[in-house]
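Student: Residue numbers (numbering that gives the first Met the number 0), protein chains in the order written: chain S, 0 to 630; chain P, 0 to 101; chain H, 0 to 486.
It should be emphasised that the hints constitute simulated quantities derived from the structure, not laboratory data.
The calculated DSS-like cross-link candidates involving lysine-lysine, where the alpha carbons are at most 25 Å apart (straight line), are:
1) S:LYS306 <-> S:LYS109
2) H:LYS431 <-> H:LYS368
3) S:LYS109 <-> H:LYS368
4) S:LYS306 <-> S:LYS370
5) S:LYS161 <-> H:LYS368
6) S:LYS306 <-> S:LYS535
7) S:LYS170 <-> S:LYS306
8) S:LYS170 <-> H:LYS368
9) S:LYS169 <-> H:LYS431
10) S:LYS109 <-> S:LYS371
11) S:LYS364 <-> S:LYS535
12) S:LYS161 <-> H:LYS431
13) H:LYS431 <-> S:LYS170
14) S:LYS364 <-> S:LYS306
15) S:LYS306 <-> S:LYS161
16) H:LYS368 <-> S:LYS169
17) S:LYS306 <-> S:LYS371
18) S:LYS169 <-> S:LYS306
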Amino acid sequence: MGAEQAWLLPAVPAGFFILLALFGRYLPRQGDVLGVLAIGTSFVLFFFVLADYLGIGEGTDTVLKSWAWSDIGDFSLRFGIAVDPITIVMLGVVTSVALMVNIFSIGYMKGEARYYWFFAVLQLFAASMLLLVLADNLLLVYVSWELVGVCSFLLIGFYWEKRSATEAAKKAFITTRIGDVGLLIGIILLWREAGTFNIQEIIHAAENGEFSSTYLTVSMLFVFLGAMGKSAQFPFHVWLPDAMEGPTPVSALIHAATMVVAGVYLVARLLPVYEVADHTMIVITLVGLITAVLTGFMAFAQTDIKKVLAYSTVGQLGFMFIALGSGEPAAAMFHLMTHAFFKALLFLGSGSVILATHHNQDMEKMGGLWKKLPVTGTTFLIGSAALAGVVPLAGFWSKDEILNAANTEWGAWALVLTAAAAVMTAFYTTRLFIRTFMGTPRDRHVYDHTEEPGWVMGGPLVFLAFLAVVSGFLVFSGVGSALGFPGGVTEFVYLHHPHEYSINWGLAALSLGISGAGIAIGAWMYWGNSLARSTKLADSYPAAYRLLVNKFYFDEAYQWGIDRVVLGFSYIVSWFDRNVVNNTGVDGSGEATVYGGFVLKFLQTGRLPNYAMGIALGVVGLAFAGIMVRG
Amino acid sequence: MVPLENYLALSGILFSIGFYGVLARRNAVLILMSIELMLNAVSLNFIAFAAYLDPDRIIGAIFAVFVITVAAAEVGLALAIVIRLFRNRATSNVDDAAIMKW
Amino acid sequence: MNGIDLVGPQFAVLIAAGLALVVDAVLPRQRRLIPFVALAGLALSVAWSISWVARDDYQTAFGGTLVLDRYAVFFYFVFAGIAAAVVLASIEWVERAGRGQAEYYALVLASTAGFMFLASSRDLISIFIALELSSIPQYILAGWGKDERSSEAGLKYLLLGAIASAVLLYGMALLYGFTRTTELGGIADAVAAGGDANRSLLILAVALVIAGFGFKMAVVPFQMWVPDVYQGAPTPVAAYLSVGSKGAAFAVVTRLFFEGLGPGVASDDWSMIFAVVAAVSMTFGNVMAIAQTDIKRLLGYSSIAQAGNIMVGLAAISVAGEEFVLGASGVIFFVAAYAFTNLGAFIAVIAISQRIGSDRIADYAGMWKRSPALAGVLALCLVSLTGIPPTAGFWAKLYVFNSAIRADMAWLVIIGVLNSLVSAYYYLGIAKTMFVAQPAEEATFRPPLTLSISLGVAAAGVLALGLIPGPVLSAAHDAAETLALVY
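Build out the structure end to end from the sequences listed, making use of the hints.
Tutor: Rendered as structure tokens:
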């Protein structure tokens, strides 16, 4: 078992998906143990891959293995796997978080309808996500990209009895699909010039200047559109908070730790191409910056515990894009890893709270829960501190790297904006923790019925909390050497610039100051169960407050745009209906009137002579066009 | 000898009249007759080409025979369907046979 | 015997058609056997085709009017498969309709034989006769139902089909006049030798031919009959029309434009026109489909859009150069993939509507809860129609789009991809209705065994072509190359 057999990682969960989907409901415990077994196997296999990979040469080569997929004439397609440091990081993150989420779900999803189906789709998701990170060509990336999207759709809509869940699933799917089409166009454009889907070959082609510069920029921006959609970057950020309608373990796995970082992963993978393509790096940086700052504001006014975390996720993804735009894939991947651990921890922690309080997600009804939920509370504190960037937890180190990168590449303005976003992160994280766990209970009824869930849920929390504490230390050369990759994670994950970690004391101090300031403001405002200060603030700036509560009106603006287009059509049609057609055969249902037929529909009169006229006009048109073309 | 162009023109006119009939008539039987006219124009074309251009003078004629045969089969079938429509709805007007639209 | 051997696959199907009628007359109490007679005939046909693949000795028959090559044999398999699925899917419906069981199957088989002859014809006369052999049974089948809708569908299909035939024949007559032959090889020589004299006559002839086949392919502006006929015809027949007649039309047009009006001969003039027709068909079909509330009608419009997709491959064929085999193999593969996918969708619709007695999309609410297998297969087929991996439809689209890119028609591919986005809206809208809306009633049900079998085969085909497209793609490629060998 070595790195060349890494394809087993996705293959095992894929096999179990089929097993669970077909027979899950007849198995004892509906097969939940098998789910854990499947992803656990992948987790164990990951270590074999890691050990084998570290044993090979310098630990920086790419292990490639590919098979012919279809080999027709001059159009040959291969599918294969590529294992390099970026892949290794992703494999580790995906398998470990997925394992924890699977275990956690045994407790969380207990007694839910379609229990087996939940575990089956989790396996399918794990398989697709692992395939996505292993793929050596863009076509396979696209295939798995769509597959994880489908899994996300299925899992967001898991509670399909709830209308909001189905709406959210649809919104997520359609929003990301806009990006997906961009990705597909980008891939096709790249392929057209390079004549291959293989990522390595495309990188070589780009570096050897085989693309014209505008062409490359346009193609790479299309690809970035796909990444923006999947990673919920501005202006596609609207779907992720709504996606919180799915079961909480799903939010932890898909919408915090793995699927949403696929965009980051893809850009990191193709970063050498982005570096060659003009103007793309600044676009990536700006999108990341805008997203990070904007969602920081949006998280201020949320009272739903999961929504706060969702906005925070979007913001942290923005941080990763800042790092990528600054040409530091290592910093981005490092933050991706630490973020996956502490954000999965926070989501699972919030799931634990939600279950303990009998499906209450509103922070206004919580407070003082630490006493009732010691394990959840303590681990949640660790996760929050990591997110806020408290030294020496994981988030501190990776955020410090990103500040450093932004400063080095773009200078002070980028540093200031990034730092501002980081202050906001620390602030809303503090607010989240204080309002949930500290002070006195605000809703006695909820408080009295709260009890700590068992260790099947506590265990994953503790494990992730451990990772949230220690994973940051991977940045140090000493830790890296001890584990087999000298130079630490930033030197391990490199593309062009091996980047040795050396602490920049000024920035470290700034970083510390940032988290300290954020936490201090948060504590000052919310300590001791008092909302007096924040209410006063909200009252003195009512317009700003409304803006925040309504998330800058993005949803409304989009809805308005869609309404104009769709309703515009239906106004025309209804006018046409009244004045021209009179006896419409359209059903009276609401759906039928909204989509009630674009004007074109009325060409289809149902009358035979009109159809014959179509044929006649077609013949004349074809003959005319033929003669015109012939010139 | 009559030049080939005259046959072609006649055929073209017949075809156009037939097509006009298809577009203008509402009675299914009249539409069928118009289609027959179009097919006859085609046969005329084939035979004229065979007589003037084809060294064997035979392929076009064979084609014309096939066209006539198939046309007969189609008309027989069409009349059956028109009768069915008439029984169902007491009309042979194709405008009335438009419950499915849009 | 040699002649019969050369048309063996068709012969087996026609024998089965006759046998079905005989069984009906001789054993009136054993009517249940009839569909199995039909299936046996199709099995024999497939076996005969396999024997030709094994012999690998391809030749022409009947004075060059028919040809038995890889291209034809590929389509023999496709059409036999389609007919088998349709027969299986019809059993329940025909028994319920009660009359003329033997005739129903005989007609299906006769038109299948017509499709097969179409795929192997190399002469305008045999093309015409094969076309009518396949069409006339379809007209009858479309009007098979007892209700008004079905007879209206039959009437519309027949009259418009006859007009299209007349237009096609007029084009063939002009082509004959221009080239003095009806044999495709001879046409190619004459067109190449003819130079630019009378070029406009040739263009008129080709325009008329395209119009005639455009009706069967269901591309804009010859598509108007499609939604009405699909909606009115019995659902198994609509399934048959949607894949069989479209597939056969593409089979014959591809051969015609390859061998008769091939690259460098006449078809270069048509590349742009095919491309425009493809773009318009895709857009029209998809936009119209959004507004539909009846699933059969929606599938009708969707089939127009799919015809546009296939036509992208045809536009790429017309461009001379090395890439033209790519376009042809794209068309061939697309037809096969589309056959599995659309049949799967239609058979699921048959099974569902037999149970709920409605074709309204709104009545599909919560179907996942009521029959997970049916909803799952239907969703899979819709995903494949959208062109999302890992399904057959993804590869089909990828291949035709690939050929268009090689032919320097990136704009057409962009339109195609954007159209896929539009189509996702309504295809996945149906999936959404089935998976997330509340069912009107809770009672679960299972489709009858025969439908389950054909559904299972279709779903397996969609997935198999999606996961391991290699073998079928190479077969399609070989088939396209036999066409190219003419040069």
